[in-house]
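Combine the two chains into a complex, taking the hints into account.
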Amino acid sequence: MIPFAYLDPISGSFLFQALAAVVLGALVYARIVMGKAKQMLGMDAPKDEDDDDDDT
Amino acid sequence: MTDRVAGSFRDPSGFVFRHEGVIHRTVMPSYAPHYDKLMDSGLYAKLTDKQLLIPHQEVTLDLPETAGAHRVLRPQPVPFISFPYEWCFGQLKDAALLTLRMQKLALKRGMMLKDASAYNVQFLGGKPVFIDTLSFETYEEGSPWIAYGQFCQHFLAPLALIAKVDMRLASLLRPQIDGVDLDLASRLLPATSWLNFGILTHIHLHAKSTNRHAQGASTDQAKQATVSQTGMTGLIDSLKNTVQALQWNPSGTEWADYYDNTNYTQQAASFKGRTIAGWLEKTTPKTVWDLGANTGVYSKIAAETGAYTVAADIDPAAVERHYRGLKQSGATNVLPLLQSLDNPSPSLGWAHTERPSLTDRGPCDVAMALALVHHLAISNHVPLQQLGAWFATLCRHLIIEFVPRTDSQVKLMLSMREDSFPDYTTEGFEAAMLHSFEVEERTPVEGSERTLYLLRSRKLD
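Going down the list, the protein sequences come from chains B and V. Read in our numbering, the first sequence has 6 at position 6, and its numbers run on one by one without any break. Read in our numbering, the second sequence has 357 at position 301, and its numbers run on one by one without any break.
Looking at chain V on its own, in the form it has when it is part of the complex (with noise of 0.2 Å):
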């Protein structure tokens, strides 16, 4: 069966299908030239083997699809596809990076990045990776880098927003799919970001310059405009130097220090980690997710048995640490993800298609949901039946843990609000889970008053 990806419509250079299941790329007769030069320059081979773009293999199909094109591309399969308004601040400001860096290797090679949209790069064995083997294309001296207002909005302004004002504003990326507006930006930095070089350059005078010109009326000057190889050198050196002097530290938030002010005794903890682990042993999962994963302890695990294992997570600090923490440690099969669970990321762009949501990326072959689900019910309001309704189609197995309302945690949320949850016991939550899933296995956690579930989604058997 092939279909088409919904959302690669953009570029004419080609698009890109599914065919078996299997991502493949048409390179389009137009595309060519700029191809074959990416091929022979010896471009793409240096970039493949820097694990900076994707690699590729070229091969035959006869497809309606694939006809009249000039090759048909499988590339790597990436495990998981993650969005930038679902990174942290050090997964977009590596992006940002590999993307200027893939600019300047390109330019050595008489080629340029023909874009540079945060959609490009997803993470591959824990690193970044440049994904759009078509955005490349010939290098004509003098041109202008034609994607350097794209990078400005789609990286370099969020990152001036989080590192100088609030990490919130990196949401920005979620509406905002084609990065956000350098005018809007301008106005919500700082009066002491006009003294920052490339904050100044890149940002509020281009913002100006932009804006001042948006009438169409400097059209044919701009045609005209000519950047030389040096200044070109220049720019980008100024770009990556701006970026990488931007710092966010994360602390402060409730989530971060979490293993610090949890209730649970170490016998708990461990006993907990060997069953998570028994577990996952038993079901043997090519890919796990992690919903509430904060720092990771327990998506280690899950990693630990060989699944591609994504720790999604509402805390910016706490995935923001998580990524740094697999970064020295060198994992490769673990993606941190900023998640919001009362509110997951939604199918985005033309037609609900170009970005589909988090359900739509799934079915994993297991979640887990560990002391998440009293938060969802409690603080979210969220019903137990219908939490275990999401969750069945999420995965092909769930391990939960349910904390019940005799757990020090649970008691002082239930301290500040209303208690509206008559629901909220054992009973009701195994009931609530059972029109969704079958129970396989079911425990106490020794050393607290918690259980732990290993469930089987009815939906997805």
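Pulled out of the complex, with its shape left as it was, chain B reads as follows (with noise of 0.2 Å):
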């Protein structure tokens, strides 16, 4: 048993972090790539609550 007071919550939190962002990251690269797949095709992709926000 490892004493609480000297746990590192934080690195496995960030290592995993850094693991899922690469499979989701990817999801929504994809889900990028078909949005625009089906704007050529003409069909309507669904619309995120916050995407008429990005007026950066």
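It is worth saying that the hints were derived from the structure and are not from the lab. All C-beta atoms, glycine included, are put in the ideal place defined by N, C-alpha and C. Heads up, some of the hints might be wrong.
Reference listing, derived: stretches of chain V covered by chain B, where coverage requires no fewer than 3 residues with Cβ under 8 Å from a Cβ of chain B [said to hold, decoys possible]:
id	stretch
1	198-207
2	258-270
3	289-300
Structure follows, in structure tokens:
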């Protein structure tokens, strides 16, 4: 048993997040490609509630 | 008079203090670049326009507390501070979705949330609102989301436990002030949850990774971990989809169908409603606490007088139904709250000051205890005099209903236990209340055997 005071709660979360983000980012990328393909085919892609906020 | 809010010490970016009864917040020089970016990037304007972030005014105050501060903010007041362990499933879920939406909007303007604590959310105007203006920091391309683990502990784990195991596990948020540990959540969730992609990713595998690297050997490796902006978007979208898919059906509890099983006649219910409305008009409260509110029938009457109404009930299904009803109706001045009155929210956190007890968040102008006393006095054995003494610290006026022994509900209660309540009589009740209150009005409820009282606290005069 590791003493509670010396536990590192962040490292495992960061490393896991980096790994998960690669997989989940690939899904986002695939969704973007699919959305563009649908647009080219004249189909409506689903909109995010904050898509219209992109005024940067 | 100025005093620092005792629970505001964790974030070196600033602290919250009360000046002449009004909440203020300092922005310390170390946080100045982030604060200026929040204001200059248009993010603050966008978030406040959408009523997602609490608006504030920048003020000038020459006080010892504000010496050296970059800015002093006066945020819009929140009428009642509630805590995640007092929310129903729907409230916690809406707060989770708000936090994710904030993170996504912040990323679009080159910022991100540095913490995702459920305590950063309050309910204002019937909707969750983010209250910690100093939670935003400049986003650097490649940075992981530092608050990812906190989001999972504060929101995802308790929501998943409620949806997949049992609503009663929501109470874990009370002792676990930093959220539900992911390894504990992972162990409590059923085996079938491993088939849910979001729960598998953000709870089970996340917990395994956190435990595996808990000895600190991977600290350097973790410092080099990078997350692309697309990866971050994927992470947030995945969390959002997981949270959105979690459902809880508010049914089958003792109180959720209370109004279908009550012994009130239409005549008595109508008389009771009229009497309460009249007494509320007479006392002109700004704040009302409806204790034992169920799905909020009488809270609605209080809210219609313009008072900000906290509708507390022990039953999660009743609170959930009330919250859903209010969302549909668009009511803005009622806050449904989970509260067990025989064990109300205590003071929690460092030095018992971070999260004040229910009593410490009062007093309110009027409390209503309708069809409640027999539950506390008979089911929970609370002596009537003690009950009155506590109520008198909570409110200036109390509208209270006495349900006599001859009432069918009390008869049913007494039939299931030894009758050790010799003082549970109208005379005993009045004598007990008189220790802490003065009686302003008293009226029998037409069409029933019950009596309503309007009392004035002697302790808060």
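For each hint, the structure was consulted:
1. 198-207: Result for this restraint: holds, n = 5.
2. 258-270: Since 9 is at least three, the answer is holds.
3. 289-300: This one holds; 5 residues, not fewer than the three required, reach chain B with a Cβ under 8 Å.
Of the hints listed earlier, there is not a single one the structure fails to meet.
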